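Residue numbers (our numbering), protein chains in the order written: chain A, 1228 to 1536; chain B, 12 to 123.
Hints in this document: simulated from the structure, not taken from any laboratory.
This structure is a prediction, so every number in the text was calculated from the model and none was measured.
Mixed in with the good hints there might be a few duds.
Claimed, not checked - So the derived label-pair ranges between C-beta atoms look like this: (1) B:100 with A:1527: 52 to 60 Å; (2) B:40 with A:1463: 21 to 29 Å; (3) B:20 with A:1459: 57 to 65 Å; (4) B:15 with A:1506: 37 to 45 Å; (5) A:1369 with B:28: 32 to 40 Å.
Heads up, the beta-carbon is just placed ideally off N, CA and C, and yes, glycines get one too.
Chain by chain, the residues run as shown.
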Amino acid sequence: MRKGVMRPGHVQIRVMDIEEAVIHYRDRLGLIDVGRDAQGRAYLKGWTEVDRFSVVLREADEPGMDFMGFKVVSSEVLEQRKQDLLRYGCQVEVIPAGELDGCGERVRFDSPTGHYFELYAEKDQTGKWGVSESNPEAWPEDLKGMRANRFDHCLLYGDDIDGTAALLQNVLGFQLSEQVLDRDGGDMRVAAFLACSMKAHDVALVRHPEKGKFHHASFYLDTWGDVLRAADLISMHDIALDIGPTRHGLTHGQTIYFFDPSGNRNEVFTGGDYTYPDHPVVTWDAQQLGKAIFYHDRQLNENFLGVVT
Amino acid sequence: MRFSVSLGDGGSSFHCGDQQNLLEGMQSFQVGVPLLKLIPVGCRGGGCGVCRIRILSGQFETKKMSRKHVSDQEQAEGVALACRVYPRSDLSIELLSSAENNNNHSERESLS
Ligand code: FES
Ligand SMILES: [Fe+2]
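Okay, chain A solo, but in the shape it has when bound:
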């Protein structure tokens, strides 16, 4: 049952060189640069996103993800979910409005996999970039690079993915859309894909011995042609390619993976399945993991499984 959590709203990513990172996310992914804050963090967003920002880059000594934030429908819902999180036993911290430029109060909580998530209800709504709200044109002409539409989801690696999935499902109303079970290992769940919307997933979890790891942040493109064009740009700019262009079995998205200059993985993708509340969980067998991850190659790739920040 949905509980007023609307969509992934932001992700704060640690990078080792902020200028290099801004060039990557702005000029290669094609996100819109919306400025810096007093701490020197860089704010960006996909051009179709109505809120002020969705990607925050923070310069640090080690790359990875600081937190992922979800927008909820109202301040009342924010307060209710905060109480629910406290009752569930999470460590909850309230971050005052304005700590992120243009964002209202945030409720940050930890999870059994060691990742930090946040909820918030308010963020400056500056509208889609480059198109009007009335009689809008199809797209703005002066987009850069891959012309990413929006920040779409994150894939996170950690140990107790059952715990984090249960938290997201029971307290925040996420729906388990797809999973991977190890049929020879007592049906241990090795991956969980969760949606708070109609999308195939808004956040995904993969079992991994170490807590709090970041596998990728993903951005949506319009077409398979745009995914191939992204692959061209990756070659033109000598960006470290991970894998693709290909299709996933899980969620059936068409995708390509690459790394930012600090070694954080990015995905751009298009297409994919959808999730209505009455949809049954789609289950993949771990024995078919190759096909589940890379539908064409059907081969596991050590780097994709093991390389994280």
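Fit chain B with the ligands to the supplied structure of chain A, relying on the hints for placement.
Then chain B with the ligands, alone, in the frame of chain A:
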């Protein structure tokens, strides 16, 4: 300038230009043969730690490396991430496995 990079095991070596990091040098060493895989390749951005090495001798420069994988003290002792190392003389190196590598290994076994 091109320099020779040899692995501490004695046998294997490759050449690396001074504008290339060691992983780029390794991967572009011989045209027409499969890419050399002397050092594991991951994110190529100093973030994931799979290309962790120790430099036994020689001059080099580094770009910023994740502190999670190379502490201050380790860096002073010649530990580095090969994707962030630019040679300034011939180098002799050895592979180090990152803790994550070992973990991933057991994870993969549990999946198969
Ligand atoms: S390949 Fe990831 S740190 Fe060098
Ligand atoms: Fe993804």
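Exercise. So the hint says 32 to 40 Å: do the beta-carbon atoms of residue 1369 of chain A and residue 28 of chain B match that?
Worked result: holds, 37 Å
Exercise. Do residue 20 of chain B and residue 1459 of chain A keep their Cβ atoms within the hinted range of 57 to 65 Å?
Worked result: Given about 39 Å between the Cβ atoms, the range is violated.
For this session: Using the beta carbons of residue 15 of chain B and residue 1506 of chain A, state whether their distance is inside 37 to 45 Å or not.
Result: The hint (37 to 45 Å, Cβ to Cβ) is violated, given that residue 15 of chain B and residue 1506 of chain A are roughly 59 Å apart.
For this session: Confirm or reject the claim that residue 40 of chain B and residue 1463 of chain A have a C-beta distance inside 21 to 29 Å.
Result: Distance hint for residue 40 of chain B, residue 1463 of chain A holds at roughly 24 Å.
Problem set entry | Hint check for residue 1527 of chain A and residue 100 of chain B - Cβ pair distance inside 52 to 60 Å | violated, 39 Å
Hints 1, 3, 4, counting from the list given before, are not met by this structure.
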